[in-house]
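Sequences listed follow chains C, X, G and D, in order. Position 67 (the first sequence) corresponds to 68 in our numbering; numbering is contiguous. Position 22 (the second sequence) corresponds to 23 in our numbering; numbering is contiguous. Position 23 (the third sequence) corresponds to 24 in our numbering; numbering is contiguous. Position 133 (the fourth sequence) corresponds to 134 in our numbering; numbering is contiguous.
Bear in mind the hints are in silico, worked out from the structure with no lab data behind them. Warning: the hint list may mix true and false statements.
Identical copies go unnamed one by one, so any copy, or any two together, can satisfy a pair.
[Stated by the list, open to error] Under the rule of at most 25 Å between Cα atoms (straight-line distance), these lysine to aspartate or glutamate pairs were calculated in the DMTMM-like manner: (1) 100 to 58; (2) 5 to 118; (3) 123 to 139; (4) 100 to 51; (5) 5 to 139; (6) 7 to 120; (7) 5 to 130; (8) 5 to 58; (9) 100 to 118; (10) 5 to 120; (11) 111 to 51; (12) 5 to 36; (13) 100 to 120; (14) 123 to 67.
Number of protein chains: 4
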Amino acid sequence: MVDKYKFFEPLRVRFAETDLQGHVFFGEYLTYFDEALTQYQHAIGCTYSDLVAAGVDMFYIRSECDYKSRAFFEEVLNVHARVGQIGNSSVTFEFAAFKAHNDELVATGKIIAVTIDPETKKPVRVPDEFRGAVARYENSKE
Amino acid sequence: MVDKYKFFEPLRVRFAETDLQGHVFFGEYLTYFDEALTQYQHAIGCTYSDLVAAGVDMFYIRSECDYKSRAFFEEVLNVHARVGQIGNSSVTFEFAAFKAHNDELVATGKIIAVTIDPETKKPVRVPDEFRGAVARYENSKE
Amino acid sequence: MVDKYKFFEPLRVRFAETDLQGHVFFGEYLTYFDEALTQYQHAIGCTYSDLVAAGVDMFYIRSECDYKSRAFFEEVLNVHARVGQIGNSSVTFEFAAFKAHNDELVATGKIIAVTIDPETKKPVRVPDEFRGAVARYENSKE
Amino acid sequence: MVDKYKFFEPLRVRFAETDLQGHVFFGEYLTYFDEALTQYQHAIGCTYSDLVAAGVDMFYIRSECDYKSRAFFEEVLNVHARVGQIGNSSVTFEFAAFKAHNDELVATGKIIAVTIDPETKKPVRVPDEFRGAVARYENSKE
Numbered sequence: 002m003v004d005k006y007k008f009f010e011p012l013r014v015r016f017a018e019t020d021l022q023g024h025v026f027f028g029e030y031l032t033y034f035d036e037a038l039t040q041y042q043h044a045i046g047c048t049y050s051d052l053v054a055a056g057v058d059m060f061y062i063r064s065e066c067d068y069k070s071r072a073f074f075e076e077v078l079n080v081h082a083r084v085g086q087i088g089n090s091s092v093t094f095e096f097a098a099f100k101a102h103n104d105e106l107v108a109t110g111k112i113i114a115v116t117i118d119p120e121t122k123k124p125v126r127v128p129d130e131f132r133g134a135v136a137r138y139e140n141s142k143e
Numbered sequence: 002m003v004d005k006y007k008f009f010e011p012l013r014v015r016f017a018e019t020d021l022q023g024h025v026f027f028g029e030y031l032t033y034f035d036e037a038l039t040q041y042q043h044a045i046g047c048t049y050s051d052l053v054a055a056g057v058d059m060f061y062i063r064s065e066c067d068y069k070s071r072a073f074f075e076e077v078l079n080v081h082a083r084v085g086q087i088g089n090s091s092v093t094f095e096f097a098a099f100k101a102h103n104d105e106l107v108a109t110g111k112i113i114a115v116t117i118d119p120e121t122k123k124p125v126r127v128p129d130e131f132r133g134a135v136a137r138y139e140n141s142k143e
Numbered sequence: 002m003v004d005k006y007k008f009f010e011p012l013r014v015r016f017a018e019t020d021l022q023g024h025v026f027f028g029e030y031l032t033y034f035d036e037a038l039t040q041y042q043h044a045i046g047c048t049y050s051d052l053v054a055a056g057v058d059m060f061y062i063r064s065e066c067d068y069k070s071r072a073f074f075e076e077v078l079n080v081h082a083r084v085g086q087i088g089n090s091s092v093t094f095e096f097a098a099f100k101a102h103n104d105e106l107v108a109t110g111k112i113i114a115v116t117i118d119p120e121t122k123k124p125v126r127v128p129d130e131f132r133g134a135v136a137r138y139e140n141s142k143e
Numbered sequence: 002m003v004d005k006y007k008f009f010e011p012l013r014v015r016f017a018e019t020d021l022q023g024h025v026f027f028g029e030y031l032t033y034f035d036e037a038l039t040q041y042q043h044a045i046g047c048t049y050s051d052l053v054a055a056g057v058d059m060f061y062i063r064s065e066c067d068y069k070s071r072a073f074f075e076e077v078l079n080v081h082a083r084v085g086q087i088g089n090s091s092v093t094f095e096f097a098a099f100k101a102h103n104d105e106l107v108a109t110g111k112i113i114a115v116t117i118d119p120e121t122k123k124p125v126r127v128p129d130e131f132r133g134a135v136a137r138y139e140n141s142k143e
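Using the sequences and the accompanying hints, generate a full structural model.
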């Protein structure tokens with residue numbers, strides 16, 4: 002699974018993100034995925050700010066997370082991100098978080114976003130700049 | 002959908018739970034679901050503490066959330082919860098959050114939990130007390 | 002100390018708010034205070050929305066919290082709130098959180114807010130409506 | 002102020018950390034300070050895990066934060082940390098967060114911790130290893 006992802010963002014588990022079971026609270030993974038998504042957009046060269054500047058906002062319509070093992074305070078998670086699919090007005094981001102020190106898979110998941118008109122909040126076509134940026138990044142060698 | 006749920010927990014949106022888009026941050030819904038799950042277990046008479054006292058802990062193995070509309074600061078969400086399915090060592094909790102003032106559906110979702118041995122962290126059979134408590138609660142009239 | 006406060010908001014500790022030490026994460030108390038502040042403004046009849054509608058926003062310029070004892074999952078905290086002082090453009094809110102079941106003091110604290118012009122972000126005089134609402138509430142009997 | 006701190010941890014503002022006012026929620030700064038504190042202890046060579054392994058835990062008894070300006074999504078904050086004072090069983094950590102791109106001061110603050118016996122939860126003397134590690138780090142040149 003790792004080799005299908007070109008991008009990852011390393012995130013170190015904060016004390017605040019743990020719960021009384023001693024590991025990362027299950028809800029925090031959505032924040033990790035979201036932060037990896039943010040940085041993935043930098044990697045491909047079409048950031049959230051670029052979209053907003055181009056007159057398009059993004060709302061999330063679905064999230065999924067499968068918890069594969071537990072992560073602990075101070076462990077570094079390499080949160081892999083990629084775009085799995087682009088529809089007319091939706092983008093499916095996929096994630097896989099591995100422990101940096103031993104490659105253990107901690108969680109996988111998805112976020113499905115729709116691109117919207119900031120005024121009407123209605124779906125609009127995913128901009129070509131974004132489509133192109135994803136294609137160039139994901140299809141480039143190395 | 003509302004009438005299939007017997008239980009709900011009202012939760013008012015806190016300022017801390019909003020983000021720069023002006024609505025509730027998408028990750029917060031898992032916390033809302035988790036809090037409704039906690040209170041659902043009180044309603045059926047078999048709490049998390051009861052399980053732990055009986056020698057069983059719970060880990061979550063999957064979460065899903067579908068975002069149907071946006072919720073805002075100070076709005077009260079009635080977060081409905083029920084058990085959808087109980088397997089050998091897994092329990093599927095289902096959720097639906099509606100705005101209290103107008104019944105608008107905001108989010109639906111699932112949390113799948115496994116019951117585990119606190120020492121070995123291995124799955125164990127869902128205790129009969131929990132199965133019985135769910136059955137009594139969900140099957141009772143009114 | 003309890004009897005100097007007329008208002009409190011009961012808040013039950015969520016699983017998400019605990020950390021690996023088994024108690025409430027120290028940063029969560031600011032969220033508790035903030036939520037009590039929100040509800041205090043409802044009690045006095047001059048809410049955050051009322052201020053915004055009247056053309057005034059609020060920024061926080063200082064917070065303090067003293068941790069007196071530990072709070073645990075599912076415990077209900079009665080978070081007391083009042084206004085300690087009102088300056089030209091600043092309001093000092095004071096807080097004290099007690100366990101509902103045994104009156105144990107868990108935390109005390111302060112939030113100092115400034116009222117600002119939403120456009121310029123410069124301090125403006127605390128509106129008379131707010132001053133009056135605080136005075137009426139805090140000075141009324143029972 | 003910057004030049005009195007030898008250590009800082011760069012932290013990039015996450016979407017989850019913003020609120021409806023468009024900037025970082027005031028409570029998040031305690032999480033930032035706490036994360037900088039964690040990494041400061043790595044820098045001096047006496048980590049939280051080292052303390053726990055040596056039979057000493059830490060509880061926080063006070064926090065303070067002064068908000069000097071607003072921080073926004075994706076801005077990098079260099080969160081400076083140092084030990085201001087060590088008492089018999091208490092340690093005062095001091096913090097100052099600056100924007101990386103323009104050195105603007107965003108927040109200053111303090112966390113006062115007490116070292117405790119993990120069993121009795123009673124204060125114990127701050128270990129000499131910690132005192133020595135702080136002294137060596139803060140007094141070393143460059």
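Pop the pair residue 5 and residue 120 into one bin, within, between, both or neither, using alpha-carbon distances up to 25 Å. Classified as neither: same-chain Cα gap 37 Å, cross-chain 36 Å, threshold 25 Å.
Within, between, both or neither, where residue 5 and residue 139 count as close if Cα-Cα is 25 Å or less: Classified as within: same-chain Cα gap 9 Å, cross-chain 44 Å, threshold 25 Å.
Within, between, both or neither: how does the pair residue 123, residue 139 come out at a Cα-Cα threshold of 25 Å? For residue 123 and residue 139, the Cα distance exceeds 25 Å both inside one copy (28 Å) and across copies (38 Å).
Within a copy, between copies, both or neither: which one fits residue 7 and residue 120 at a CA-CA cutoff of 25 Å? neither (34 Å within a copy, 38 Å between copies)
Given a CA cutoff of 25 Å, do residue 123 and residue 67 count as a within-copy pair, a between-copy pair, both, or neither? So residue 123 and residue 67 pass the 25 Å test across copies only (17 Å; inside, 30 Å).
How would you classify residue 5 and residue 58 at a CA-CA limit of 25 Å: within, between, both, or neither? Cα proximity of residue 5 and residue 58: none, with 28 Å in one copy and 35 Å across.
I want to check one pair: residue 100 and residue 51. Are their C-alpha atoms no more than 25 Å apart within a copy, between two copies, both, or neither? Answer is between; shortest inter-copy Cα gap is 21 Å, intra-copy 31 Å.
Measure nothing new, just compare the shortest in-copy and cross-copy C-alpha distances for residue 5 and residue 36 to 25 Å and report within, between, both or neither. within (19 Å within a copy, 32 Å between copies)
Same-copy or cross-copy closeness of residue 100 to residue 120 [CA-CA at most 25 Å]: So residue 100 and residue 120 pass the 25 Å test across copies only (23 Å; inside, 41 Å).
Could you place residue 111 and residue 51 in one of the four classes (within, between, both, neither) given a Cα distance threshold of 25 Å? within (22 Å within a copy, 33 Å between copies)
Which holds for residue 5 with residue 118 at a C-alpha limit of 25 Å: within a copy, between copies, both or neither? neither (32 Å within a copy, 35 Å between copies)
Up to 25 Å CA-CA - residue 58 versus residue 100, copy category: between (32 Å within a copy, 24 Å between copies)
Hint violations for this structure: numbers 2, 3, 6, 8 and 10, all remaining hints satisfied.
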